[in-house]
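Based on the hints, put chain C in the right spot on chain B.
There are 2 protein chains.
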Amino acid sequence: MKALFSQPLHVVNAGLRGFADNITSAGGTVTNLDWQPPAGADAALGWQLANLLRDPRIEEANRTAYARYLAAQPRLFDVILARDAMPGLGGGQRRILHSGPPIAWADMCGPQQGAIAGAIVYEGWADTIEAAEALAASDAVAFDPCHHHSAVGPMAGIISPSMPVWVVEDGETGKYAFSNLNEGLGKVLRFGANSPEVIDRLRWLSGEFFAVMQAAVRGLEDRNLKPLMAQALHMGDEVHNRNAAASCLMFKRLVLSLGRLELDRAMVNRALAFVAANDHFFLNISMAASKVMMDAAHGEPHSSLVTVMARNGVNFGIRLSGTGEMWFQAPANPVNGLYFPGYSIADAAADLGDSAITETAGLGGFAMAASPAIVQFVGGTPADAVANSRRMLNITLGANPAFTLPALNFGGTPAGIDARAVLDTGILPVINTGIAHRKAGVGQIGAGITTAPLECFAGAVAALAGTLEAAP
Amino acid sequence: MKALFSQPLHVVNAGLRGFADNITSAGGTVTNLDWQPPAGADAALGWQLANLLRDPRIEEANRTAYARYLAAQPRLFDVILARDAMPGLGGGQRRILHSGPPIAWADMCGPQQGAIAGAIVYEGWADTIEAAEALAASDAVAFDPCHHHSAVGPMAGIISPSMPVWVVEDGETGKYAFSNLNEGLGKVLRFGANSPEVIDRLRWLSGEFFAVMQAAVRGLEDRNLKPLMAQALHMGDEVHNRNAAASCLMFKRLVLSLGRLELDRAMVNRALAFVAANDHFFLNISMAASKVMMDAAHGEPHSSLVTVMARNGVNFGIRLSGTGEMWFQAPANPVNGLYFPGYSIADAAADLGDSAITETAGLGGFAMAASPAIVQFVGGTPADAVANSRRMLNITLGANPAFTLPALNFGGTPAGIDARAVLDTGILPVINTGIAHRKAGVGQIGAGITTAPLECFAGAVAALAGTLEAAP
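Residue numbers (numbering that gives the first Met the number 0), protein chains in the order written: chain B, 0 to 471; chain C, 0 to 471.
Excised from the complex, chain B in its bound form:
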């Protein structure tokens, strides 16, 4: 102790900055760790959290849920029309699915309204965008989150009855998940564009392209998606905002399947040219695969594992494995990113889309270490990309050995967000995302990185505490 007081002090402060003020004013050197009070400094919630952090029921439930996530075996099963895939869209019902938690037409953000208006015209329920908007504002069309129908959609996330959807099956649980087809970049429905060229492309996608893809998928020799996604992680993808490798690998499988079939060559060539030109082709498949992996983990009583993160451009919503169908919502964050020339954050819609299901499954922003080149698309440096993956290990139940990250010395990708850990550490799940213009009809204006709001996790943990108190 004597030696301690006789030599110059360098103090590391792990706590409130105020703790170190006396040392600083006495001439000592202090390094403040990046610390903040748990539970967003809400004392009551903090005590609740402290109890939950040592609750053996949660630990046990999380082990079970996480093991189910790890065991899932997503397989590309089919491509069919949404109305044949989901009972909620069948039988002539006028229902349209959207991304994120539930929201009424009047409250939706511009791109989601724009995309819905486009989908109504595409379905033939109205002839013009104006008429479609009027119809949407009436009670004649129902709206539901994709997640209420085992589905996910990027950005606006619009799925209407006549759209084809990928069907991904979990070979382990037999559950299915669905996602729409990727339209490419530029003026596309998912970013809120709805001009005639957008509608025409949707019609081609549900016509000729659908026919070719359905035949190709039904003839696939290898339907397993996890090995393909794992390989893509070794080829610079994080399979959310960068899908160049995964799309190329899937292209290879589709070509080999189509080679075994007797289809019209011109049709096949147009379909393959479309796939070859779209480095985001695999995104929607990656999302459906992530959805079945998280659905496998969903529904374990008491589990604090996050099984859904989704945004509707107004609110960010999450679900926990242990709290069933409840949504925990907070206003969606703006997206810090790279904007196309002529646009800035002032033009941007808030964080939007179901694609954060990839991060929920340990991919996307969580797997950024796999994808140093992603920073050319979403901003930052390759070192940031590695740091993001490392940081996420603080809030996840483990690392997925099926998805290894070369830059982390082949450690698994951080996976299985524990809502308690987010609330305890204040470390927010990082999400790579596209950026839509806030007005309907414009489209994509950039891409970037954002985070899930802490309030969602505070709400989820409080609700989980409630179910535990109610439990015997």
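Don't read these hints as lab results, they were simulated from the structure. We treat Cβ as the ideally placed atom computed from N, Cα and C, and that holds for glycine. Some clues are possibly wrong.
Derived coverage of chain C by chain B (criterion: at least 3 residues anywhere in the stretch with Cβ under 8 Å from a Cβ of chain B; other residues may be distant) [as the list claims (entries may be wrong)]:
1) 254-268
2) 271-282
3) 367-381
Here are some of the chain C residues that sit facing chain B, going by a computed Cβ distance under 8 Å [what the hints assert, rightly or not]:
4) His233
5) Ala243
6) Cys247
7) Leu248
8) Lys251
9) Pro405
10) Ala406
11) Asn408
For chain C alone, coordinates are given in the frame of chain B:
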């Protein structure tokens, strides 16, 4: 100075370790930098090198040669038979090309002899491997390095008249380079295997596969190889020992081209299935592209730029831009690597093949930072991969802005080896490579990392000094 002597010393020693012995024995702490005398401690050569390092004629020549390397625009031009591509293989001549510097049949390593015997059977010049070996040992077959015919071949590097070769054109200089077709992994001619299945595969490659590839290449919309290779570097390839992404990207181009042609579907499907199953498909194209880039830089008087590194399994040979057709040779190093089960370094042939042309062009081992996953194939850690690329910057004339490495914050790949810098620093060019069994007929037994021997660079620098003394 007083303060210096009164406080504990920590000394960094940049020089011979002996310099620091007194400090150590007096109780000081010494960190020895990893230093060794220049020119391999050969005093006479060291003085010669010192003069060359400040010779403005070399600086000027290197600038010119390096600019030509950077300006090269390799394009995939055609696939034709070797006898139609290279005059030295035409007109019924019985000549076979091999990798590395010149070598007589009797001196060749096992895999090269095995591959040549296989090629003789393939050509129909002998009916059995034994008869082929007897023919090879007579004067009835001529042997030449691939590099003497603007060609490169991986491992044994065998090119015989009836084999198809890729033709890569430099859009800038109009020069051509050639490489044979990749046979896949396992029992293949380039690793010295020559069983009937190997010969049968070669016959299929020069028959049906050749016909499909020629049609596909002639119909390509995009022939540019540099952007494809640059993209592959962002997808985890170093385009020498890892070509998974580049092969997939080339597959995409070939499929789109074949879609526009009327060819027999069954033929096309077999050819595409072969390409799709071979992640090394692009290797030989990468080598031919590297060869035209280096040939563009070759022949600049006084330049110390290395334009060829090649190994015949006995000797490692290099060429400089400024010393014309001369080879500078030394015994090839063994390869430190990962061996297939049942094999060890005792079974291995020495470093073999022309594929080090990729490293000569700044790819392969020089671009390892692009390819952390390569260490699963060649050994080491992802951190080693990044360190290798960084270290190579010490011996290259620059970094190629056309080939950027995400892990180095999108810095260019180190490119343009300066033989003077290798001799001055003792830092040896790092090479990723496959490992062949030392006996004929066996095939690949592993993959690993090796280096070019210092003696090659010593010889080259001495010869360059001679040309400078002779110059006016």
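Please flag the earlier hints that this structure goes against, numbers listed from lowest up.
Every hint satisfied by this model.
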